[in-house]
Structure formats: C-alpha cells, structure tokens
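Undergrad: Chains as they are written, first to last, in our numbering: chain B, 1 to 263; chain Z, 1 to 263; chain S, 1 to 263.
No lab work stands behind these hints: they were computed from the structure. It is possible that some hints are incorrect.
Unchecked claim - Examples of chain S residues toward chain B, derived with CB under 8 Å: (1) S29; (2) R31; (3) G52; (4) L55; (5) L60; (6) T79; (7) V86; (8) R87; (9) L90; (10) I94; (11) D109; (12) C111; (13) V113; (14) I114; (15) H116; (16) P180.
What the hints assert, rightly or not - Residues from chain S shown here face chain Z by an in silico Cβ test under 7 Å; the list is partial: (17) V212; (18) K216; (19) Q217; (20) Y229; (21) I233; (22) P234; (23) V242; (24) G244; (25) F247; (26) T249; (27) E254; (28) N258; (29) F259; (30) A260.
Note that CB positions come from ideal geometry on N, CA and C, so glycine has one too.
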Amino acid sequence: MNFHLPFLPFRPAKPRNKGLTMMMDKGLSIRQVEDFISVSAEYTDLVKMGFGTSLLSNNLKEKIKLYQAANLKVYLGGTLFEAFLVRGMLDKYIELVNGLGLDTVEVSDGCIVIGHNKKCDLISQLASQFTVLSEVGSKEAGIIIHPTRWKNMMEAELSAGSWKVIAEARESGNVGIYRPNGTAHVSLVNKILDKIPQDSILWEAPQKSQQVWFIKQLGANVNLGNIGYEEVIPLETLRQGVRGDTFFTFLPDEVKANFAQQS
Amino acid sequence: MNFHLPFLPFRPAKPRNKGLTMMMDKGLSIRQVEDFISVSAEYTDLVKMGFGTSLLSNNLKEKIKLYQAANLKVYLGGTLFEAFLVRGMLDKYIELVNGLGLDTVEVSDGCIVIGHNKKCDLISQLASQFTVLSEVGSKEAGIIIHPTRWKNMMEAELSAGSWKVIAEARESGNVGIYRPNGTAHVSLVNKILDKIPQDSILWEAPQKSQQVWFIKQLGANVNLGNIGYEEVIPLETLRQGVRGDTFFTFLPDEVKANFAQQS
Amino acid sequence: MNFHLPFLPFRPAKPRNKGLTMMMDKGLSIRQVEDFISVSAEYTDLVKMGFGTSLLSNNLKEKIKLYQAANLKVYLGGTLFEAFLVRGMLDKYIELVNGLGLDTVEVSDGCIVIGHNKKCDLISQLASQFTVLSEVGSKEAGIIIHPTRWKNMMEAELSAGSWKVIAEARESGNVGIYRPNGTAHVSLVNKILDKIPQDSILWEAPQKSQQVWFIKQLGANVNLGNIGYEEVIPLETLRQGVRGDTFFTFLPDEVKANFAQQS
C-alpha cells in the first residue's frame, strides 16, 4: 500500500481461503495479461478462462503460464466442461486439463441437466486429481430453484469434494441468485447461509451493485467472481472501504462520530 | 484451435463471403491494435474506423497498415463520408481514402437525407474504384421505415454496386433494426430476408443479446458488425456454440439426446 | 488533425480554461497509461485517480510522472480526501499530495457531511498551496438539493478559492445533476448557469447521452468529467461534430441547407 490509512478492514494475505476474487478472462492478449498481473495479481486469487474461449485462444498455454507464475489459480470455464461432457468426452477433457498444466477444474450444469447424484460422482472423481469448483444454479433467466434445493445441492457437492461452490450469475449477472434486473434474491442468499459456511461459497457478482450488496451483507472477505479484468482494483476499493458505496461500512463508531454520513 | 471438439458449426476460412465479423475501432492505440490482431485477426474480417475518429487519430496511417498486414479490410465510418458530403467535398473524401491506401468505403445516409437515386449514383460512382458497403436505416430512435422500403432500398443499392448492405443499429444498438430497448424487429428482419440474400447483409449487432438472436435465427455464419474490440472472441464462441446462449444451437439430435437441456 | 474539414467548432489549445476533459483512472497499468497518452493526451486536461485506487496502485508515482510529463493535471479522487478527513488526518493527506508531487487537490463532501463554512475554510486553506477543484452534490441517488442551494454553494466555493466546481454524478452517472435513470435535471442545470459562469463548472458526465446533452446545450467547450480512458476520443468526436449525435450542432446554416437532416 502506498500509505497507511487506519481502520481498514482486515484482508488476509495470499494464498487465502476467503475474500477471494475470481477474474474472468474473455480472450485477453499476452500483453493485456501482463498488464493485468502488473496491477491486480495481488488482489486476485482465481482466473477463469471464460466459457469456450479456451477453444479459440491462440495463446492459451502462454497465458496460463503467466497467470500461474503470478500465483493465480487458473481453470477453464464450466461451459467447456459441459461441451465435452455432452459429447461423451470426459476423458478427453481430463487430458486437456492435464496437458495445459492446470490443477483446478469447474464442474457445472448450467447448460445441460446432470442428475445430482451423477454430478456429485463427477465431483468426487475429479476431486481425486484436481481442486474442484462446482457451480449451482441455472443459466436461464427467471428460473427459480427452491432455497432448500440450493442448500442441499451445495452441501452434497461440498461433501463430494468441491473446494468451493459457485453461486451462478452468468457473465451478465441476471440469473441464478439474481433477478432478471440484476438485484439479489436476498432471502435466498440468507437461507443458503443458514446451512452453508460463507467461506465455502463463491458468489458470481459481475455488476458493481451486486459487489456492493455482498460486501455490505457479508463483509470485506466475501468470495466474489466473474469480475472483469479492469474491475478488480475498483472491487478491491469497495472491499477496503475506500469508495463511496462502502465508505462507512467498516469504520468504527468513534470515527463515524466525527462526521455525519451523507444520506 | 487448441483441441478438437466435434459437432462445431462450419466456419469458412478467410477471406470469406459470409460469417463476417466487423469490428469498430473507436480510437485504439498502436499497441491495442497489435494486441487485438494477436488474438482476434483470425475471427475478424472488417475494421471500421468508427464515426469521425479518423479526423482525430494521430496514428491513423500506422493503424491502417497494421490492420491491412493482418488481412483485415479497413474503411472509414459512414458519418465521416457524410461529413464530407454535406460540405460538398466528395472529391476530397475520395482523395483522403486513396491517400490512406484504403480499398473500401462506406456510403451512408444516417445523418443527412440523400435522395435514394442520388445515393445509388454515389454507390455506382464509388464502386468503380472501391469495394462499397452501403448502410440502410435511420440513426434516430423510434423511426420506423416500412419493410417494403427496407427491401427496395437494399435491392437497389446492391444493384448499384454495393458489396454488402449494412442494416443500421448505431454503436449503441437501439435504432434501425432494433427497438429503443435493443430487441430486434423480428418481422422486419424476416421480411427483408424474403427478398435479399442473407450473405449480402451485414447486421450491426453491438449488444450480446442481438448477436445471440441473429445467430440463433440465421446461423453461425450471419454477418455481424459494430463489435467492440474485446468482444470478437466472445462473439466467436457464440458462433461456434461454446457459450451458454448457443450451446445447443448447432448440436445434432444424437448428441442433444445425451443430456436434457437446462431450461 | 489528419485532414482539413471546415466548419468545425473552435477548440482552444492546451493549456486551456474551458472545453476541459477530465479522465478517471480506475487502476490503469503503466502500459495502459502510455497507450492512453499516445492517443488521447491532446484531448485530455485532467486525470483523476478515481476514488481510493491510489491506496492500492503499486505504480502510483510512476503513473503520475507519465501523466505530468504529457502535460496532464493529476489529482486524487475526492473520496480519498474524505477518507483522510473523517479520520482526522488532513495533515497526512497534504503530506501525501506533496510527496506525490501533485499540485491539484479535490475537496468534496460526497460521503461525509461537512458544514459549508468549514468546507469553504478547507478550500481556502488548500488553495494557498494547490489548485483546488471542489465538488458539489450528493453521491446518493434520489437526493434533491434545491437549485438555490447548488448556486450558493458553488458561488461560495469559487469565492473561497476553487479553480472549478465539479457537479457530482459519481462514476455511474445517476446521482446529483442526473436522475436515477441518468437523464439530466434540465431546470437545475439552467438555474445554476443563471448565476455561475459556465467555464467555472466541470460537469461529471460518464454516459454518452449526458455528454451529448451538455454539448448540445452548452457547446463544444463545456467542461466534462468522469470520462473513461477509452471514451476520450469518442467524446472529442462529439465535441467536434463528427459523430451522428452532434453532426448538425455546429454547422452553419449555409452548409445545413445542402441536405435535410435525418429525423
């Protein structure tokens, strides 16, 4: 940090188990990756090569090496996992992940329906070789999954071997835990947290208003994902309370008392 | 491609006559152009120097050379053509285009009213020297052009020598073929396609939902334009069915049968 | 400029006192700053290191030097000023600004309530050492400040030593002088201009529709701020009338008469 400012919320050092930020790479060039790393590696934990971009990127291996050298955990987006699975090519997928030198995979069922027992079996199988992130929720707008079902699925997937479960929002942030207009299903989130430890969940939160909402509800060290490569620093200012939206969130009462809050 | 995935839709190799992607440059730096080329040249056919940015760019000639060396067809945005025309300076415009070493021009009437016979004369005149893209539609929100008029204009402009006709949406994607909220005028598009060959039309589709709609309606090889420089790879994943929105669009029935579709 | 186009609006050369463009840096890398400067320095006057990003940027001093070498006036966002003030650390803030070699500061009360006499005292104190920009307006959506109060505050702050007063819109452009949907409070703006000289106000206008509105109302040389780093060139095309939205705004009648306007 460039200077000392007291009363900032605690942020654990990397590698950390909470307060994670996952950035989505949608096809960055080598130089953009270098630029990203130069300013944001310290504030980023995970990099997802978004949806099927890994198929098309002509610089995939080189990018993965750059990210890994900066201590960022890289994995391929869940849509690509499903694209292999629907074609009956899980073995080829594992071969690809190993060939790319990755240690993390995402198991999702956002496009195809996988029976939940089968999904948990896939998680168990992959967890023997890889760190597994598994995603819960629908990619379709307006689909409601009952809170009890969210909880049961998350619990079963964590038991099956998932390191974290991802609460789906898609890149655009208007499905799964969000309404079509992008606001969070508050009671759904609260009910999930009745049963599932917060640190085990990574919330997709591509929109700033969603990031603000989660930080205010769950603190500076909530796990957030699907963050654009130029939005990691702005998100970190939200986490640390040095942006308007969370300016008062982490201040102790004796500091708050110095000035009234603009309302 | 980084690996083989069966059942992807056919995409013709460059130079191609359909499945074109046009990227809009709104003032990129030399390094940004190099970065763009390094990852997206393979998936891009046309580069438009957007609206009047060519007037202001201090790197215009160098950028054009870089794009052309990567086999990208470069042209100046239609607004600049109109800015010369309204000032009675068509000759100066042709001089400029030649001086920049360009072989393609856009003829549009999005700002000024040009009688349609005169517009076709301009197309004919320019088509003797250049590849001509001509644009149909209004830049103003809420203006409805009757479908018969769209068809007649497009047909006349193609007869006059246009290589492709562009269906206007502006950079923001909320005029012309789209409603102010960005959704497509479905019946208008269908009526146009009753008469005009699909490969002769380039649809401006800056928003992802618009790209998805056209790909689902007209296939992987629909011509799409006004794509942001960081959105060409994401668009290509839509064209190739490796993104949630078009995951099932190109799969044959025997593969679809393996798993039900999330709905 | 790459070619001569007559009837463009006059734009004063840098350093200028009106027609200012302020760009907001939200965490750019060194190379992105170099790229920005290479294409946009000529059209940019001020750079704000947005909200609390200065705390987190690991390249802050180097970026400031690059900007200053390109004759751009750099300052730290108002939220950071308030973060020091609320902690009773104004002296440390001045030390920081001096240590970074900056000659400009922003005084704002977007997060905390500062009595207006005290705010003017702060402006006076800082104006003895620095160029001061002071911000008027609320960061909260839906808060209405009476036009008379806007005018009185702006007048008092200019008297206290502010070089310019900034009319608040936040990064998202939906508070202060704008309604929650982003459209301008027209009568508020007009009432402010009854009393305050236009050149003394810098309007935050992050959205294109807001930029268009101000340019059409107040001319090519209105002061505009909170512009994204890739939006300075597009904004300059609006100012110079070479983009659809302002195509006719600056044309003299004899040129307008050549062609009817698309409506």
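Undergrad: Compare the structure with each hint and give your call.
TA: Results of checking the hints against the structure:
1. S29: holds, 4 Å
2. R31: holds, 5 Å
3. G52: Hint on G52(S): holds, closest Cβ of chain B at ~2 Å, below 8 Å.
4. L55: holds, 5 Å
5. L60: holds, 5 Å
6. T79: Since the shortest Cβ distance to chain B is 6 Å, the answer is holds.
7. V86: holds, 5 Å
8. R87: holds, 6 Å
9. L90: Result: violated, 12 Å to nearest chain B Cβ.
10. I94: Interface hint status for I94(S): violated (12 Å vs cutoff 8 Å).
11. D109: holds, 7 Å
12. C111: holds, 4 Å
13. V113: holds, 4 Å
14. I114: holds, 7 Å
15. H116: Since chain B brings no Cβ nearer than about 13 Å to H116(S), farther than 8 Å, the hint is violated.
16. P180: Hint on P180(S): violated, closest Cβ of chain B at ~12 Å, above 8 Å.
17. V212: violated, 11 Å
18. K216: It is violated, given that the least Cβ distance between K216(S) and chain Z is near 14 Å, above 7 Å.
19. Q217: violated, 19 Å
20. Y229: violated, 10 Å
21. I233: holds, 3 Å
22. P234: holds, 5 Å
23. V242: Result: holds, 2 Å to nearest chain Z Cβ.
24. G244: With Cβ-Cβ at 5 Å, under 7 Å, it holds.
25. F247: Holds, about 4 Å.
26. T249: violated, 11 Å
27. E254: Constraint on E254(S) not satisfied, violated at 10 Å.
28. N258: Constraint on N258(S) satisfied, holds at 6 Å.
29. F259: With Cβ-Cβ at 4 Å, under 7 Å, it holds.
30. A260: holds, 4 Å
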